[in-house]
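Chain Z: place on chain V using the hints.
Residue numbers (the working numbering), protein chains in the order written: chain V, 94 to 805; chain Z, 298 to 627.
Each hint should be verified, as a subset may be incorrect.
[Said to hold, decoys possible] Computed Cβ-Cβ distance ranges for the label pairs, DEER-style:
id	chain 1	residue 1	chain 2	residue 2	range
1	V	Arg678	Z	Gly355	24 to 30 Å
2	Z	Thr439	V	Tyr245	39 to 45 Å
3	Z	Gln399	V	Leu741	53 to 59 Å
[Said to hold, decoys possible] Incomplete in silico selection of chain V near chain Z, CB under 8 Å:
id	residue
4	Glu219
5	Glu673
6	Val724
[Stated by the list, open to error] Simulated crosslink set (SDA-like; lysine to any residue; CA at most 25 Å straight-line):
id	chain 1	residue 1	chain 2	residue 2
7	Z	Lys336	V	Leu159
8	Z	Lys336	V	Tyr126
9	Z	Lys336	V	Leu728
10	Z	Lys336	V	Gly336
11	Z	Lys336	V	Arg369
12	Z	Lys336	V	Ala223
13	Z	Lys336	V	Thr166
14	V	Lys119	Z	Leu438
15	Z	Lys336	V	Lys468
16	Z	Lys336	V	Glu276
17	Z	Lys336	V	Pro286
18	Z	Lys336	V	Asp727
19	Z	Lys336	V	Glu215
20	Z	Lys336	V	Ser214
21	Z	Lys336	V	Arg784
22	Z	Lys336	V	Met161
23	Z	Lys336	V	Val225
24	Z	Lys336	V	Gly163
25	Z	Lys336	V	Met287
26	Z	Lys336	V	Phe733
27	Z	Lys336	V	Val226
28	Z	Lys336	V	Leu135
29	V	Lys468	V	Glu276
30	Z	Lys336	V	Glu222
No wet-lab data here; the hints were simulated from the structure.
Virtual Cβ for every residue (Gly too), placed ideally from N, Cα, C.
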Amino acid sequence: MTTTTGIAAVTGAVGSAHTRVEGRDKVTGAARYAAEIPFAELAHGWLVLSTVARGRIRSVDDAPVLAMPGVLTVLHHRNAPRVETDYVGMLGRPNPVLGIFQHDRVPFVGWPVALVVAETSEQAREAAEALVVRYDEEPHDVAFFAGHPGAYTPQNNPMVQAETEKGDLEAQLGASAVVVDEEYTTPEEHHNPMEPHAATARWDGGRLDVVDSNQGSTWVASELAKLFSLDPASVRVRSEHVGGGFGSKGLSPHQVAAVMATTVLHRPVRVVLTRRQMFYLVGFRSPTAQRIRLGADADGRLRAFDHQAQSLTSTVHEFVETSAVLGRVMYDADAHHTLHRLVRLDVPTPAWMRAPGEAPGSFALESALDELAEKCGMDPIALRARNEPETGPVSGLPFSSRNVLACFEEGARRFGWADRDPRPGLRREGRWLLGTGTAAATYPSGVGPSTAAVTAEADGTFTVRINAADIGTGARTAMTLVAADALEVDPDRIRVRIADSDFGPAMFAGGSMGTRSWAWAVTIAADELRERLALGGAIPPEGITARSNTAEAIDALAKKERHSFGAQFSEVAVDVTTGEVRVRRLLGIYAAGTIVNPLTARSQFIGGMTWGLSMALHEEAIRDQASGGLVGADLAGYHFAAHADVPLIEADWVDDPVPDDPVGIKGIGEIGVVGVAAAIANAVWHATGVRHRNLPIRPDRVLRAAEGARRA
Amino acid sequence: MREFGYERVFDVSGAVALLGADPDARFLGGGTNLVDLMKAGVERPARLIDVRELPLDGVEFTRDGGLRIGATVTNSDLAAHPEVRRHYPALAQAVLAGASGQLRNMATVGGNLLQRTRCGYFTDLSKPCNKRAPGSGCPALTGEHHNHAILGASEHCVATHPSDMAVALAAFDAVISYETADGPGELPIADFYLPVGDTPHIETALPPGALITGVTLPPAPVAAHSRYRKVRERASYAFAIGSIAAALDVQDDVIREVRLAFGAVASRPWRARAAERVLTGGPASAEAFAAAADAELAGAEPLAENGYKVTLIRNLVVAVLTELTEEADR
Numbered sequence: 094m095t096t097t098t099g100i101a102a103v104t105g106a107v108g109s110a111h112t113r114v115e116g117r118d119k120v121t122g123a124a125r126y127a128a129e130i131p132f133a134e135l136a137h138g139w140l141v142l143s144t145v146a147r148g149r150i151r152s153v154d155d156a157p158v159l160a161m162p163g164v165l166t167v168l169h170h171r172n173a174p175r176v177e178t179d180y181v182g183m184l185g186r187p188n189p190v191l192g193i194f195q196h197d198r199v200p201f202v203g204w205p206v207a208l209v210v211a212e213t214s215e216q217a218r219e220a221a222e223a224l225v226v227r228y229d230e231e232p233h234d235v236a237f238f239a240g241h242p243g244a245y246t247p248q249n250n251p252m253v254q255a256e257t258e259k260g261d262l263e264a265q266l267g268a269s270a271v272v273v274d275e276e277y278t279t280p281e282e283h284h285n286p287m288e289p290h291a292a293t294a295r296w297d298g299g300r301l302d303v304v305d306s307n308q309g310s311t312w313v314a315s316e317l318a319k320l321f322s323l324d325p326a327s328v329r330v331r332s333e334h335v336g337g338g339f340g341s342k343g344l345s346p347h348q349v350a351a352v353m354a355t356t357v358l359h360r361p362v363r364v365v366l367t368r369r370q371m372f373y374l375v376g377f378r379s380p381t382a383q384r385i386r387l388g389a390d391a392d393g394r395l396r397a398f399d400h401q402a403q404s405l406t407s408t409v410h411e412f413v414e415t416s417a418v419l420g421r422v423m424y425d426a427d428a429h430h431t432l433h434r435l436v437r438l439d440v441p442t443p444a445w446m447r448a449p450g451e452a453p454g455s456f457a458l459e460s461a462l463d464e465l466a467e468k469c470g471m472d473p474i475a476l477r478a479r480n481e482p483e484t485g486p487v488s489g490l491p492f493s494s495r496n497v498l499a500c501f502e503e504g505a506r507r508f509g510w511a512d513r514d515p516r517p518g519l520r521r522e523g524r525w526l527l528g529t530g531t532a533a534a535t536y537p538s539g540v541g542p543s544t545a546a547v548t549a550e551a552d553g554t555f556t557v558r559i560n561a562a563d564i565g566t567g568a569r570t571a572m573t574l575v576a577a578d579a580l581e582v583d584p585d586r587i588r589v590r591i592a593d594s595d596f597g598p599a600m601f602a603g604g605s606m607g608t609r610s611w612a613w614a615v616t617i618a619a620d621e622l623r624e625r626l627a628l629g630g631a632i633p634p635e636g637i638t639a640r641s642n643t644a645e646a647i648d649a650l651a652k653k654e655r656h657s658f659g660a661q662f663s664e665v666a667v668d669v670t671t672g673e674v675r676v677r678r679l680l681g682i683y684a685a686g687t688i689v690n691p692l693t694a695r696s697q698f699i700g701g702m703t704w705g706l707s708m709a710l711h712e713e714a715i716r717d718q719a720s721g722g723l724v725g726a727d728l729a730g731y732h733f734a735a736h737a738d739v740p741l742i743e744a745d746w747v748d749d750p751v752p753d754d755p756v757g758i759k760g761i762g763e764i765g766v767v768g769v770a771a772a773i774a775n776a777v778w779h780a781t782g783v784r785h786r787n788l789p790i791r792p793d794r795v796l797r798a799a800e801g802a803r804r805a
Numbered sequence: 298m299r300e301f302g303y304e305r306v307f308d309v310s311g312a313v314a315l316l317g318a319d320p321d322a323r324f325l326g327g328g329t330n331l332v333d334l335m336k337a338g339v340e341r342p343a344r345l346i347d348v349r350e351l352p353l354d355g356v357e358f359t360r361d362g363g364l365r366i367g368a369t370v371t372n373s374d375l376a377a378h379p380e381v382r383r384h385y386p387a388l389a390q391a392v393l394a395g396a397s398g399q400l401r402n403m404a405t406v407g408g409n410l411l412q413r414t415r416c417g418y419f420t421d422l423s424k425p426c427n428k429r430a431p432g433s434g435c436p437a438l439t440g441e442h443h444n445h446a447i448l449g450a451s452e453h454c455v456a457t458h459p460s461d462m463a464v465a466l467a468a469f470d471a472v473i474s475y476e477t478a479d480g481p482g483e484l485p486i487a488d489f490y491l492p493v494g495d496t497p498h499i500e501t502a503l504p505p506g507a508l509i510t511g512v513t514l515p516p517a518p519v520a521a522h523s524r525y526r527k528v529r530e531r532a533s534y535a536f537a538i539g540s541i542a543a544a545l546d547v548q549d550d551v552i553r554e555v556r557l558a559f560g561a562v563a564s565r566p567w568r569a570r571a572a573e574r575v576l577t578g579g580p581a582s583a584e585a586f587a588a589a590a591d592a593e594l595a596g597a598e599p600l601a602e603n604g605y606k607v608t609l610i611r612n613l614v615v616a617v618l619t620e621l622t623e624e625a626d627r
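Same shape as in the complex, but just chain V:
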């Protein structure tokens, strides 16, 4: 079933499994990560975060700390270099948390209030922990709940249209034979990659040089240039190896702090975040409270569709968890309404966490679809087939390709869905009740302008330069395969250099857009180089280089609904006397365009599905109402799936050609997560007869639900 390639496949590198080109370096420890790269005269910065949720800094008692061994400086709002935060960057206005040490206001627990810099990391930490900061505290509100009186509809948010509406919803609900009207919640969730955030900054011959761990060095460099009012050409950001990102590794205060400190001290300064600091400074997924109303005819055809999603943001910046966007792609109805609402609380600003919007949104929507199937007495897959739209339900645009039903068909065949008895609560194996569930998945297939350079070297090899980021996805390897096919040479002759802003602007690794964006730029440059080489002649010592910029080609792309699709299947076992839920099987089938490297793609899908499992059963940050901070903000307190929770997971894909797209790649970074939590929740219902509409499906919730069901 594996797709072959959409681009010139003379060598057939794209579509063939290839181990990571830097794999040996990584497993032998030769690959060095941001915090490991040595610098002469390196100083170490340690951030001090606020312990109050709202108020003003009264004083920072830096004198005693400056006298401690090795301490070089303490930066805070009274002495730190000024930065410019009134600008519009790649993703809109900057998060004000990047404007550290500019004023005395504290808008949440974890706001950076000082940076202690010392000769060693240990000295910096000890001094940072000794630093006394006094606050004038003000009352705070960190309580998120459905219908919070402060809820509002965001206006003119650059990231999302808050509301879409067509038809008369109430009339169609009234005319529906079957109605589902339920509320669903998902908790605050955190992305904590294994490698903590780390940045080293120094001035080098009049240029700012930052060695970082990020998802896009173009992005980080351009924001640092704006923050420090520098010529963009005088900022260089590199990020050669990245130990995971998941949306958390963009701009964070530690990079700004490192640049401030190197500017003051005239020596390289490194700032590394601790695990606990990451829980406050690198973003998180907002909790959501969602209400879904579906009205259908007895045969399952949707008449009314309403998805309203409330999430939170900070008091300083507006971020929308776009949970209600799925319905704009997945399901049409005579009356169709989607709405995002926000509550401003005294908490850090949420951010993009893998499958932002679609992850929590699909839990609610794909659970509701299952509830509708139950009420209609229909198979959940048949219900989805009945409501398969011809064009975008809100946009009316055609789909570039849409093979979600092919995913369900292939998935159902491999999972053994046809033998399923739809009735809940019937299957028992010892103390375990067994059930199966399914859900649809989708994620946008976006693309961003990128530049690339491909050089034919005099020794017969090729060098590709593109400011891509490999955050564990295998991007370096994927670009090797793409270039090999475009150049019509063996991958072994290609060396790919990435993650250096001096290579020119390129898309970041995010929104499932990296591989598609970079492959496009690499293909165009390589095509041109191949044509120039075909003219013959000797290659000069400096090589022959062809360059590309995809900005115009992307602008010229026909407007269509461009998305990946998928079908998720799960089997679970539930002990309702202890509340334990064990996932026994997961299967995901995807329609995601050209799959560049089946080996790493499968890993990425499986990783995403494991995220979905973890979201379904484990992940939940607990916000302490009294302090406004988190309880158990570390990897002992914040549970995610352990190996023992992760069962046999299979991921595969169906053919999904995208005829009008020059690359044919759709992007697979997030879709593996989407729908998994619903597939698991639906399976828990099938096992027990009890719906779980609040994540995670913790043992205490299963126990309480079983108690409730017994009393009812």
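Positioned in the frame of chain V, the structure of chain Z alone reads:
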């Protein structure tokens, strides 16, 4: 980081003498809890006295047929020991239910007994905690407490004891031996952990400066037919939200002897003596098991968010005793 001294000791008297001379010193076993707490700033010892090389790593029979387990026996070695597995299977199961393979390879029996609670307020210096900073308050009472105590807690602290091993030891009436500068002593496990009261920071009855040297399990034929069951929020590598160590001797449909202890419900492993009294001499039936659990749990005082533990423990009592009964019938 704060600097601290480190010394390795090779004999018990030397260890005790060193600690006695330095009130800010701590014994270091496997370090799987202490070192974490040092990183978090909860523990700030001036000196670590590494006791891993003490000659306390044996497991041997006592003269009366019990087992004496040295304090530096690793959790892995304890769980793998054939005599432990044969005579006290719930103990081996409890140890294996805890932590991870790597941690069990490091963790010692003595250290396991002295683990500190994993309450999220205790391990976070930015928050109040009566156990860490006496008198500062207990935010768990009205804050996050869905995995806190339902039995024997107080208004000053509702934290639970994290050990799985200690739950099995409580069921088997273990006796803890220690050494002080004034000589050896011992404490039955029932007296080893102190009630919370208004001194949650004082967790055990060990005299100041004492070094745990070993644990003795009295002979208990009933223990050979025992089981440990742990429920947690993921399949591995998490502390219990409820656990049970149970041993059962049924003859002619009458319970001759039963041992029951619960984990994750109190500041200490909770020996369920009321339940044992209800069961002893009576029938081995699901109804009797449930009634016994109810008798024990009658004293439960759940908080707003942890009442499910009453149901969970009740269900575990019924399930595990039923399993043991059915196995005895075979």
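Each hint tested on the structure:
1. V:Arg678 <-> Z:Gly355: 24 to 30 Å: violated (46 Å)
2. Z:Thr439 <-> V:Tyr245: 39 to 45 Å: violated (29 Å)
3. Z:Gln399 <-> V:Leu741: 53 to 59 Å: violated (25 Å)
4. Glu219: holds (6 Å)
5. Glu673: holds (6 Å)
6. Val724: holds (4 Å)
7. Z:Lys336 <-> V:Leu159: holds (23 Å)
8. Z:Lys336 <-> V:Tyr126: The hint holds at about 23 Å.
9. Z:Lys336 <-> V:Leu728: holds (14 Å)
10. Z:Lys336 <-> V:Gly336: holds (23 Å)
11. Z:Lys336 <-> V:Arg369: holds (12 Å)
12. Z:Lys336 <-> V:Ala223: holds (15 Å)
13. Z:Lys336 <-> V:Thr166: holds (24 Å)
14. V:Lys119 <-> Z:Leu438: violated (46 Å)
15. Z:Lys336 <-> V:Lys468: Status violated; Cα separation ~54 Å.
16. Z:Lys336 <-> V:Glu276: The given pair, whose Cα atoms are some 42 Å apart, is violated under the 25 Å limit.
17. Z:Lys336 <-> V:Pro286: OK: Z:Lys336 and V:Pro286 at ~20 Å, within 25 Å.
18. Z:Lys336 <-> V:Asp727: The given pair, whose Cα atoms are some 12 Å apart, holds under the 25 Å limit.
19. Z:Lys336 <-> V:Glu215: OK: Z:Lys336 and V:Glu215 at ~11 Å, within 25 Å.
20. Z:Lys336 <-> V:Ser214: With a Cα-Cα distance of about 14 Å, the restraint between Z:Lys336 and V:Ser214 holds, given a limit of 25 Å.
21. Z:Lys336 <-> V:Arg784: violated (42 Å)
22. Z:Lys336 <-> V:Met161: With a Cα-Cα distance of about 20 Å, the restraint between Z:Lys336 and V:Met161 holds, given a limit of 25 Å.
23. Z:Lys336 <-> V:Val225: Judged against 25 Å, a Cα distance of about 20 Å means the pair holds.
24. Z:Lys336 <-> V:Gly163: Roughly 20 Å between the alpha carbons, so the hint for Z:Lys336 and V:Gly163 holds.
25. Z:Lys336 <-> V:Met287: The hint holds at about 18 Å.
26. Z:Lys336 <-> V:Phe733: holds (22 Å)
27. Z:Lys336 <-> V:Val226: Roughly 21 Å between the alpha carbons, so the hint for Z:Lys336 and V:Val226 holds.
28. Z:Lys336 <-> V:Leu135: Holds. Z:Lys336 to V:Leu135 sits at ~24 Å (cutoff 25 Å).
29. V:Lys468 <-> V:Glu276: Within the cut-off at roughly 17 Å; holds.
30. Z:Lys336 <-> V:Glu222: Between Z:Lys336 and V:Glu222 the Cα gap is close to 12 Å, so the pair holds against 25 Å.
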